[in-house]
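**Student:** When we follow full-length UniProt numbering, the leftmost residue of the sequence shown carries the number 1, and every step to the right adds one.
Mixed in with the good hints, there may be bad ones.
[Unchecked claim] EDC-like mimics (lysine to aspartate or glutamate), calculated; alpha carbons at most 16 Å apart, straight line:
no.: 1; residue 1: Lys-358; residue 2: Glu-15
no.: 2; residue 1: Lys-116; residue 2: Glu-343
no.: 3; residue 1: Lys-42; residue 2: Glu-264
no.: 4; residue 1: Lys-22; residue 2: Asp-38
no.: 5; residue 1: Lys-160; residue 2: Glu-205
no.: 6; residue 1: Lys-358; residue 2: Asp-14
no.: 7; residue 1: Lys-56; residue 2: Glu-406
no.: 8; residue 1: Lys-358; residue 2: Glu-343
no.: 9; residue 1: Lys-177; residue 2: Glu-402
no.: 10; residue 1: Lys-371; residue 2: Asp-52
no.: 11; residue 1: Lys-6; residue 2: Asp-38
no.: 12; residue 1: Lys-278; residue 2: Asp-80
[Stated by the list, open to error] Computed spacing ranges between beta-carbons, pair by pair:
no.: 13; residue 1: Asp-155; residue 2: Arg-428; range: 34 to 44 Å
no.: 14; residue 1: Glu-415; residue 2: Thr-99; range: 20 to 30 Å
no.: 15; residue 1: Asp-223; residue 2: Asp-48; range: 51 to 61 Å
no.: 16; residue 1: Gly-360; residue 2: Thr-99; range: 23 to 33 Å
no.: 17; residue 1: Asp-14; residue 2: Thr-99; range: 41 to 51 Å
no.: 18; residue 1: Asp-155; residue 2: Ser-388; range: 49 to 59 Å
no.: 19; residue 1: Ser-17; residue 2: Gly-44; range: 47 to 57 Å
no.: 20; residue 1: Glu-406; residue 2: Gly-360; range: 38 to 48 Å
Keep in mind the hints are simulated off the structure, nothing from the lab.
In this text, a Cβ means the ideal position worked out from N, Cα and C, and glycines have one as well.
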Amino acid sequence: MNTLFKGITAILPDEESGFSAKVCDIAVSDSVISYIGDDAVKNGFVPDRTIDGRDKLITAGLVNSHTHSYMSLFRNSADDLMFHTWLFDRIMPMEDKLTAEDMYYGTQLACLEMIKTGTTAFLDMNIARDCITRAISESGLKATISRGLVGNGRDDEGGKTRIEDTLYDMRTYGDNKRLKFMMGPHAIYTTDRGYLELVMEKAAEYGLGINIHLSESVKEIEDSIAQNGCSPVKYLDDMGMFKFHTVAAHCVQLSDEDIDILAERGVYAATNPISNAKLGNGFARIPDMLDKGVKLCIGTDSAGSNNTLNMFSDMNFICLAHKGNCRSATAVSARQALKMATETGAKALGFDNTGILKEGYAADLTVMDMKYPSLQPVNDPVAAMCYSASGYEVESVMVDGEFLMENREIKGMDEERIYFECNKAMKRIDG
Numbered sequence: 001m002n003t004l005f006k007g008i009t010a011i012l013p014d015e016e017s018g019f020s021a022k023v024c025d026i027a028v029s030d031s032v033i034s035y036i037g038d039d040a041v042k043n044g045f046v047p048d049r050t051i052d053g054r055d056k057l058i059t060a061g062l063v064n065s066h067t068h069s070y071m072s073l074f075r076n077s078a079d080d081l082m083f084h085t086w087l088f089d090r091i092m093p094m095e096d097k098l099t100a101e102d103m104y105y106g107t108q109l110a111c112l113e114m115i116k117t118g119t120t121a122f123l124d125m126n127i128a129r130d131c132i133t134r135a136i137s138e139s140g141l142k143a144t145i146s147r148g149l150v151g152n153g154r155d156d157e158g159g160k161t162r163i164e165d166t167l168y169d170m171r172t173y174g175d176n177k178r179l180k181f182m183m184g185p186h187a188i189y190t191t192d193r194g195y196l197e198l199v200m201e202k203a204a205e206y207g208l209g210i211n212i213h214l215s216e217s218v219k220e221i222e223d224s225i226a227q228n229g230c231s232p233v234k235y236l237d238d239m240g241m242f243k244f245h246t247v248a249a250h251c252v253q254l255s256d257e258d259i260d261i262l263a264e265r266g267v268y269a270a271t272n273p274i275s276n277a278k279l280g281n282g283f284a285r286i287p288d289m290l291d292k293g294v295k296l297c298i299g300t301d302s303a304g305s306n307n308t309l310n311m312f313s314d315m316n317f318i319c320l321a322h323k324g325n326c327r328s329a330t331a332v333s334a335r336q337a338l339k340m341a342t343e344t345g346a347k348a349l350g351f352d353n354t355g356i357l358k359e360g361y362a363a364d365l366t367v368m369d370m371k372y373p374s375l376q377p378v379n380d381p382v383a384a385m386c387y388s389a390s391g392y393e394v395e396s397v398m399v400d401g402e403f404l405m406e407n408r409e410i411k412g413m414d415e416e417r418i419y420f421e422c423n424k425a426m427k428r429i430d431g
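Throw the hints in and build the complete structure from the sequences for me.
**Tutor:** Here's what the structure looks like:
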């Protein structure tokens with residue numbers, strides 16, 4: 001299928017400012033962006049369909065670099081709690097009651113929300129084999145999937161089973177080119193050194209990267225210093241974990257040395273600004289990490305702590321929170337936030353041919369309707385995305401040239417069934 005977006009305002013990569021907006025034609029041939037320029041047809045493109053781009057904005061699809069999709073079931077059910085109370089006293093007891101069907105529909109709900117708000121790829125950490133990956137696969141989104149790994153020692157049978165869950169999903173869904181996999185050790189406070197070494201051995205054996213929660217709370221830092229004699233970052237670095245392609249979620253409580261280590265090792269730091277603030281964990285040192293060259297990307301975390309998976313909200317918050325916290329209007333710019341939420345996020349997930357609008361790249365696209373009072377006049381579309389868009393201006397989302405949503409119509413997902421099943425599950429779990 002050849003699709004032409006005719007005369008559409010596009011957010012394109014720009015060497016000087018990071019991004020610039022230009023009215024142009026964008027041609028999609030099957031799964032790939034084949035032309036960006038003034039006139040696709042004059043340059044030989046033959047469209048099967050043409051979409052009028054007037055009053056529309058097109059950008060690379062957003063990338064959510066850290067979430068727990070199944071936990072969309074827990075939205076608005078664990079609020080105003082400090083992190084460790086939230087996790088151990090509220091979330092984990094509810095997780096113990098989940099069935100495979102619950103997690104399937106919770107994940108479908110997450111995918112539905114992400115599509116409706118312009119996300120085309122995400123990094124997931126989950127707690128079960130098959131049901132979650134199946135839901136993601138059916139959604140059409142791109143995803144890098146990691147089974148959350150918890151274990152105590154190399155011989156922990158439960159821990160070994162969780163590793164096997166990852167390998168099972170890899171074998172079962174490996175033909176789906178929109179899916180990738182990582183090893184997902186949950187955190188240093190739910191695993192010990194022996195188990196982490198086993199995880200790294202398996203990652204090396206299967207050529208996988210690592211997705212881990214890191215330095216999220218003050219308690220995590222204090223406990224690590226007491227038990228290991230160093231920060232969580234230093235502990236994992238000394239262990240050799242950062243030799244792998246690593247995505248470290250949160251990275252809130254970092255020392256200068258920690259930041260230097262992350263920068264030197266090329267670790268992707270997936271900041272979750274709204275979740276970190278809501279759970280009382282504070283603000284990551286984003287301006288310092290940017291200055292040091294840390295690879296920064298943005299995640300929403302789960303709907304159980306955010307409470308949405310709307311990347312527009314997190315792009316807005318990361319800019320505003322750090323401007324206020326640093327008392328500097330230049331602390332984090334809209335263009336920096338958009339790069340974290342697109343290009344850097346895609347690289348963190350291991351998708352090297354997406355995340356920007358560029359010829360030859362995957363046609364993973366988000367199209368927004370700009371005819372909203374809050375977006376007019378259209379002065380700087382990049383600023384509009386971070387400072388005035390809500391996310392629900394998104395009208396169409398394409399992955400590999402396939403519309404997952406077109407003119408706000410979701411393709412291939414039963415919205416009403418998803419809502420019904422999720423509400424039914426939570427009435428049983430927490431009714």
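**Student:** Next, verify each hint and record whether it holds.
**Tutor:** Okay, the hints, checked on the actual structure:
no. : hint                          : result
1   : Lys-358 x Glu-15              : holds, 13 Å
2   : Lys-116 x Glu-343             : violated, 20 Å
3   : Lys-42 x Glu-264              : violated, 47 Å
4   : Lys-22 x Asp-38               : holds, 10 Å
5   : Lys-160 x Glu-205             : holds, 15 Å
6   : Lys-358 x Asp-14              : holds, 11 Å
7   : Lys-56 x Glu-406              : holds, 13 Å
8   : Lys-358 x Glu-343             : holds, 11 Å
9   : Lys-177 x Glu-402             : holds, 14 Å
10  : Lys-371 x Asp-52              : holds, 14 Å
11  : Lys-6 x Asp-38                : holds, 9 Å
12  : Lys-278 x Asp-80              : holds, 8 Å
13  : Asp-155 x Arg-428: 34 to 44 Å : holds, 35 Å
14  : Glu-415 x Thr-99: 20 to 30 Å  : holds, 21 Å
15  : Asp-223 x Asp-48: 51 to 61 Å  : holds, 59 Å
16  : Gly-360 x Thr-99: 23 to 33 Å  : violated, 44 Å
17  : Asp-14 x Thr-99: 41 to 51 Å   : holds, 49 Å
18  : Asp-155 x Ser-388: 49 to 59 Å : holds, 55 Å
19  : Ser-17 x Gly-44: 47 to 57 Å   : violated, 31 Å
20  : Glu-406 x Gly-360: 38 to 48 Å : violated, 24 Å
Of the numbered hints listed earlier, those contradicted by the structure are 2, 3, 16, 19, 20.
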